[in-house]
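J.: So the chains spell out like this:
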Amino acid sequence: MTKKSDAILEAKNLKTYFRLDEGTLKAVDGVNFKIEEGKTMGLVGESGCGKSVTAYSLLKIIPPEASGSGEVLLRRKIKPGTYEVIDIMKMDIRGKAIREIRGKEISMIFQEPMTSLSPVHSIGNQILEAIYLHKTKEKKQARELALEILKKVGVANPAQTIEDYPHHLSGGMRQRAMIAMALCSHPALLIADEPTTSLDVTVQAQVLDLMKSLQAEFGMSILFITHDLGVIAEMTDVVTVMYLGKIVECGTVGDIFDEPLHPYTQALLKSIPQVGAKAKSPLQAIQGSVPVPLDFPIMCPFFSRCSQARQGMCDTAFPPETLIKNEHRVSCFLYSS
Amino acid sequence: MLIVLLAVSVVAFIIIQLPPGDYLTSMISRLRSMGVAFDQVQIRAFEKQYGLDLPIYVQYFKWMWNMLHGDFGKSLQWNAPVRELIGERLLLTVIISVLTLLFAYVVAIPIGIYSATHQYSLADYGFTVLGFIGLATPNFLLALILMYVFYKYFGISAGGLFSIEYQLAPWSMAKFLDLLKHLPIPIIVIGTAGTASIVRVMRGCLLDELRKQYVITARAKGVSEKVLLFKYPVRVAINPIVSTIGWTLPVIVSGETITAIVLNLPTTGPLLLQALLFEDMYLAGSIVMLLTFLIVIGTLLSDILLVWMDPRIRYVKRGI
Amino acid sequence: MPRTRDKLTAEQRYYLATQWQLIWRKLKKHKLALIGITVLIILYATALFCEFFSPYSISKRFPEYIYCQPQRIRFFDGKSISFRPFVYGYQRDRDAVTLRRIYRIDEDKKYYIYLFVHGDEYKICNILPMDIHFFGLKDQKGVIFIFGTDKLGRDLFSRNVYAARVSLSIGLVGVAVSFILGCLFGGISGYYGGAVDTVIQRIIEFLLSIPTIPLWMALSAALPPRWSPLKVYFGITVILSVIGWTGLARVVRGKFLELREEDFIMAAEISGLRKGQIILRHLIPSFTSYLIVNLTLSIPWMILGETSLSFLGLGIRAPAVSWGVLLKDAQNVRTLVHAPWLLIPGIFVVVTVLAFNFVGDGIRDAADPYK
Chain X
23 MTKKSDAILE AKNLKTYFRL DEGTLKAVDG VNFKIEEGKT MGLVGESGCG KSVTAYSLLK
83 IIPPEASGSG EVLLRRKIKP GTYEVIDIMK MDIRGKAIRE IRGKEISMIF QEPMTSLSPV
143 HSIGNQILEA IYLHKTKEKK QARELALEIL KKVGVANPAQ TIEDYPHHLS GGMRQRAMIA
203 MALCSHPALL IADEPTTSLD VTVQAQVLDL MKSLQAEFGM SILFITHDLG VIAEMTDVVT
263 VMYLGKIVEC GTVGDIFDEP LHPYTQALLK SIPQVGAKAK SPLQAIQGSV PVPLDFPIMC
323 PFFSRCSQAR QGMCDTAFPP ETLIKNEHRV SCFLYSS
Chain A
891 MLIVLLAVSV VAFIIIQLPP GDYLTSMISR LRSMGVAFDQ VQIRAFEKQY GLDLPIYVQY
951 FKWMWNMLHG DFGKSLQWNA PVRELIGERL LLTVIISVLT LLFAYVVAIP IGIYSATHQY
1011 SLADYGFTVL GFIGLATPNF LLALILMYVF YKYFGISAGG LFSIEYQLAP WSMAKFLDLL
1071 KHLPIPIIVI GTAGTASIVR VMRGCLLDEL RKQYVITARA KGVSEKVLLF KYPVRVAINP
1131 IVSTIGWTLP VIVSGETITA IVLNLPTTGP LLLQALLFED MYLAGSIVML LTFLIVIGTL
1191 LSDILLVWMD PRIRYVKRGI
Chain P
475 MPRTRDKLTA EQRYYLATQW QLIWRKLKKH KLALIGITVL IILYATALFC EFFSPYSISK
535 RFPEYIYCQP QRIRFFDGKS ISFRPFVYGY QRDRDAVTLR RIYRIDEDKK YYIYLFVHGD
595 EYKICNILPM DIHFFGLKDQ KGVIFIFGTD KLGRDLFSRN VYAARVSLSI GLVGVAVSFI
655 LGCLFGGISG YYGGAVDTVI QRIIEFLLSI PTIPLWMALS AALPPRWSPL KVYFGITVIL
715 SVIGWTGLAR VVRGKFLELR EEDFIMAAEI SGLRKGQIIL RHLIPSFTSY LIVNLTLSIP
775 WMILGETSLS FLGLGIRAPA VSWGVLLKDA QNVRTLVHAP WLLIPGIFVV VTVLAFNFVG
835 DGIRDAADPY K
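Quick mapping for you: the protein sequence lines, in order, are chains X, A and P. As numbered in my numbering, residues 23 to 359 make up the first sequence, in order. As numbered in my numbering, residues 891 to 1210 make up the second sequence, in order. As numbered in my numbering, residues 475 to 845 make up the third sequence, in order.
Hints listed in this document are in silico derivations from the structure and should not be mistaken for laboratory results. Just so it is clear, the structure is predicted and the values come from calculations on it, not from any experiment. We put the CB at the ideal spot given by N, CA and C, even for glycine. You can trust all of the hints, since none of them are fake.
In the EDC-like style, the derived pairs of lysine to aspartate or glutamate whose C-alpha atoms are separated by at most 20 Å in a straight line are:
1. A:K1102 / X:E87
2. A:K1121 / X:D186
3. X:K347 / X:D259
4. X:K61 / X:D28
5. X:K159 / X:E122
6. A:K1121 / X:E185
7. P:K615 / P:D594
8. X:K234 / X:E170
9. A:K1042 / P:D803
10. P:K503 / A:D1014
11. P:K500 / X:E44
12. P:K503 / X:E44
13. X:K157 / X:E239
14. A:K1042 / P:D569
15. P:K505 / P:D839
16. P:K503 / P:D835
17. X:K82 / A:E1115
18. X:K48 / X:E68
Derived contacts from chain X toward chain A, CB cut-off under 8 Å, selection only:
19. R116
20. F132
21. E134
22. V142
23. E151
24. L155
25. H156
26. Y187
Just need the whole structure built from these sequences, with the hints factored in.
T.: Put into structure tokens, the structure is as follows:
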């Protein structure tokens, strides 16, 4: 018997460390979250907090000098009604098993579509590659599917676009092409790593609308990574806030925006320029900047910039995770008993 | 491109005129020292015959005009038309240069790919060391060492392109096979330096590309590592390699010249040296010019190849 | 907050190091580059004081020892170990069959090697007469040929060391000339752009299309036969630079063009710096490291060029010697078979070029800010 909304992906104690000459960089340091079927989870934080590395770790596409540990449990549908749970972290990165997950069960789209698409292959070639890998090897059928998916993402002239190269297209079109490429196999989870950050605001709105409608149509989950709180508010159901490789707060989008608990989350929300605020009032920036998590000592990661930090407590240990209500959790000494 | 060829011809002509005195005066003084006498009338007759009494720029135009008609002048040293002397030698130079070029790329590209994908492995270090030594060893030194080894331990003379019986024989299948038997050593000697630098370029380019975002996208799509390697980063990294043909070809032709002298190959190299030592201007200038001409053609072909291979450049050339 | 040196944490020291400190720090880790630097220092020091380091003068002949094989420096004579190295003398003989001269080791004649011995006279910088040599034999009857002798019975060790001076310095002089030409043309090309740039670029492409060695051969043949070896030396340098400047010009031009568009230059302009200040404080430090790498890698190229030319007989002229000139004696394979030590100058060339390549590579890696 399955619950109403079951977790399609669960990360347990996910860690990704980089061994550098200067020390160990703990990009992702013990991260736990669940993504539910059909829902969108937002992963938010400043640049350098480890959100992208977390996403890459889920599919085990981290660079060779990084090492990952922990569990990434994917609930995969074998037949309608039956599921199996597999741990992606246990898979061999060169093996066949993980290639069945990548691009098929879990697809990923990236921030910069110009560099994310191969410059020397046509759009059609790249989409067809995904189709040949996961859907069908039959040429005619594959081409039909490609044209269909391009149409679905809002490309005006799919037959022309299939022949084009990435540098022929505008930014928005490239991102649509990338979405088409990611969705042609109807994945259960789409990981979107800052997909609209490099786009104009109007194009951004179009792409976000597109993603929402496709999600509804395909019934897929989305892990939306961004530093833009406005996008979070619009797109997500659940929000996870990361700082320096650790999750500091998570909850529904309503909880986070109406009752932010962690000082970092509060500061983030305060720093959004308010429409209607007095003209000369200064922007509320968070003091200091994100430190490098190189051989970071055991303490609350936000200590150096926190206005409510308590010496002797916040700088001696990592705050434990406290469940406040329902799904709202926070890691802060202010709330631990 | 036409401008380049014109410029080359001017340079070649300057080269020809550079040595103080010309062939005629040195020939006369040489013959004189052997006891042959010349009087002024005979000297002036010679001058007129070889056009040496005309002002320089007229000599240049005369030379260009003749060349366009296929007449490259006469070698005063051999007393034969330059065209005949150069003919077969130039053909062999072309054959050796092209084959060496192919050899260099066919060997270097796989090694470069392997080195990049197995960075810091034992094989990578081994290839790097070999590559460094290959770059550091001058062609002629390698040729000398090989000749020494072959002569001392096998008693064979490793030089030359043909066995004695085929040297003056007309072309035939047998002669061609004999040529093939003798080709490996010159090609390896001339190609070492080129191969070594192409390996480094390939390795460097590929390492750059391997870290790029589109490789990660492909991996996230579930493409297998082997397919991924060749379809994406290698395919992109090959483009700068194609553009290296532009400077590899002159290096190979240049190396071929000096290696031919050491290995005593019947190509343009030894002929050029002789011509220079005897101030045989038409021969020397023509050789330099024709070699440059070859290189320019080769570079043009590689540019065309690059446009064909890289869609990004095609896009620019569309004029948008 | 006081920031004294010792109070800086590892992180702060990492971020506050100057560009050159960072480069040196990374270079130190590059073992091959360090070996290269050491080797080069030894070679250049020896070349600088070549008269001192060679046991004999460059033209001293030993007619009785033509094509004599190298002697081994020994410490053990079969009976006892000696602290002082020595060499055995030779017994001259003729091979019964080939009638060639052969030299048999004569263990009765032992000659000890001493440091700072008196020997042939020479002049430091052509002024100061000296006769102290770094090492040699005290016994005048003996001979020490560490690298054997050539066809005139001249000690090849001494000749190799003297040759080092010419071969190694030509690289430096040639690179200096190329540097000036390259910076000049590259700078003009990159700074003015437009038609000037196009013309200069075409010239460079054209020069690079000409096969180098044939061009050098032709130009060297044009050097008047009556010129002194010194004039020839500089003539060769100029000839080598004719092509040499193109590489540097391209780098300089490329960097000028690239950096002109860089955001940090625009930021400097906006913040009010004058053009001169921008060039000095921002442009030049950005590509100085590329310049250094290019120069370091051009030197071996020049050395190889001179060696090739001299090998063909078109380069340095007698009585001056360079490694290429010495290798010319090895042209004949039949001679080579009986006197393989004639190839030793080749080893020096390879080692020198390797050393420069290692150092250049090391600097390039160290200066790369993205590594």
